[in-house]
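If you're matching them up, the sequences are chains A and B in order.
At position 15 of the first sequence the residue is numbered 15 (full-length UniProt numbering), and the sequence of numbers has no breaks.
At position 127 of the second sequence the residue is numbered 127 (full-length UniProt numbering), and the sequence of numbers has no breaks.
Take these hints with a grain of salt, some might be off.
Intra- or inter-copy, both count: the list cannot distinguish identical chains.
Claimed, not checked - Heads up, simulated DSS-like pairs for lysine-lysine below, C-alpha to C-alpha not over 30 Å straight-line:
#1 Lys76 x Lys48
#2 Lys109 x Lys76
#3 Lys109 x Lys48
#4 Lys110 x Lys122
#5 Lys122 x Lys109
No lab work stands behind these hints: they were computed from the structure.
Number of protein chains: 2
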Amino acid sequence: MEGAEATRIMIGVNESTIKGYPHASISSRGAFDWALQKIVRSNTSGFKLLFLHVQVPDEDGFDDMDSLYASPEDFKNMKYRDRTRGLHLLEYFVNRCHEIGVACEAWIKKGDPKEVICHEVKRVQPDLLVVGSRGLGPFQRVFVGTVSEFCQKHAECPVISIKRRADETPQDPVDD
Amino acid sequence: MEGAEATRIMIGVNESTIKGYPHASISSRGAFDWALQKIVRSNTSGFKLLFLHVQVPDEDGFDDMDSLYASPEDFKNMKYRDRTRGLHLLEYFVNRCHEIGVACEAWIKKGDPKEVICHEVKRVQPDLLVVGSRGLGPFQRVFVGTVSEFCQKHAECPVISIKRRADETPQDPVDD
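Pulled out of the complex, with its shape left as it was, chain A reads as follows (with noise of 0.2 Å):
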């Protein structure tokens, strides 16, 4: 099996929902670490991985109840701080990916994460897709939706959820 194409994994990654931090989800390192650990190990020639990113718009157009609009600058401004926070969380996952030595490619999407994932996946045909997981009870699932199981049905490759430790959950567990 030397020589062959590298085996291509996409892993669904997105922003903490914790306010105040502006880093990846638990849920997201989680999955990011586990795919390196447990299938890419020591065999970094042997896998590309495809980060995915997609930005929800917010239903009423406004993704920071905490801010103050006061002219066009602000929504520029908060435009620019969306596409930049969207690119840190990728810087986040590349730079990882190229001190271990990986190849990656990644990029970002707006839509709805269940939906936009599964089309990327028909559009990239990966290998396997990676999409973590909040291992959410079923009573919280019905209000919060669950990314991964939606995709486990309808992803056209093979899917991995992984499920956040409990070790890592945070003081609502449906945050991330």
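For this one, chain A is given, so just place chain B on it according to the hints.
This is chain B only, laid out in the frame that chain A set:
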């Protein structure tokens, strides 16, 4: 990540349901081949494969409706044949691992495959469970159930379900 313990991948395997074809099912072989090609690749020392075959005790106590039972000896023979069939199945996977140079273990349990697989995951604690799936539609699933869906919900480790390739589907898609 050199020197870390091998990633332990449990693979649920079963026999083909196609009459007169006493070999590994199409989806079992598909799951195994996928794991080798896409995960293990050339890194044979980084992984250990754990093959679990669950034998289903027939409800009526008869495993082959076409056989003639005329004496207690026939039943003994049947049980012997059952056992040897399960062993032949595991032999196929163990032999292939030895050819490639991947460490492996294989064992047989009796019971309801989905329950036993989840129970064995709890006991053995693999890093990953790989199960083959026939990729049946919702209508067919109602009648035959799917082990892979149950395991994705209940197994206490990440699970990959590998769908059978469309060009490998037998005449009756419920067969495997």
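Worksheet item: How would you label the pair Lys122, Lys109 (within, between, both, or neither) given a Cα cut-off of 30 Å?
Response: Within one copy only: 14 Å inside, 38 Å across.
Item to complete: Tell me, please, which holds for Lys110 and Lys122 at an alpha-carbon limit of 30 Å: within, between, both or neither?
Response: within (16 Å within a copy, 39 Å between copies)
Exercise for the section: Please work out whether the CA atoms of Lys109 and Lys76 approach to 30 Å or closer within one copy, between two copies, in both situations, or in neither? Expected result: within (19 Å within a copy, 63 Å between copies)
Up to 30 Å between alpha-carbons, please classify Lys109 paired with Lys48: within, between, both or neither. This pair counts as within: shortest intra-copy Cα distance 20 Å, inter-copy 37 Å.
Practice task
Up to 30 Å between alpha-carbons, please classify Lys76 paired with Lys48: within, between, both or neither.
Solution key: neither (35 Å within a copy, 53 Å between copies)
Of the numbered hints given earlier, the model fails hint 1 alone.
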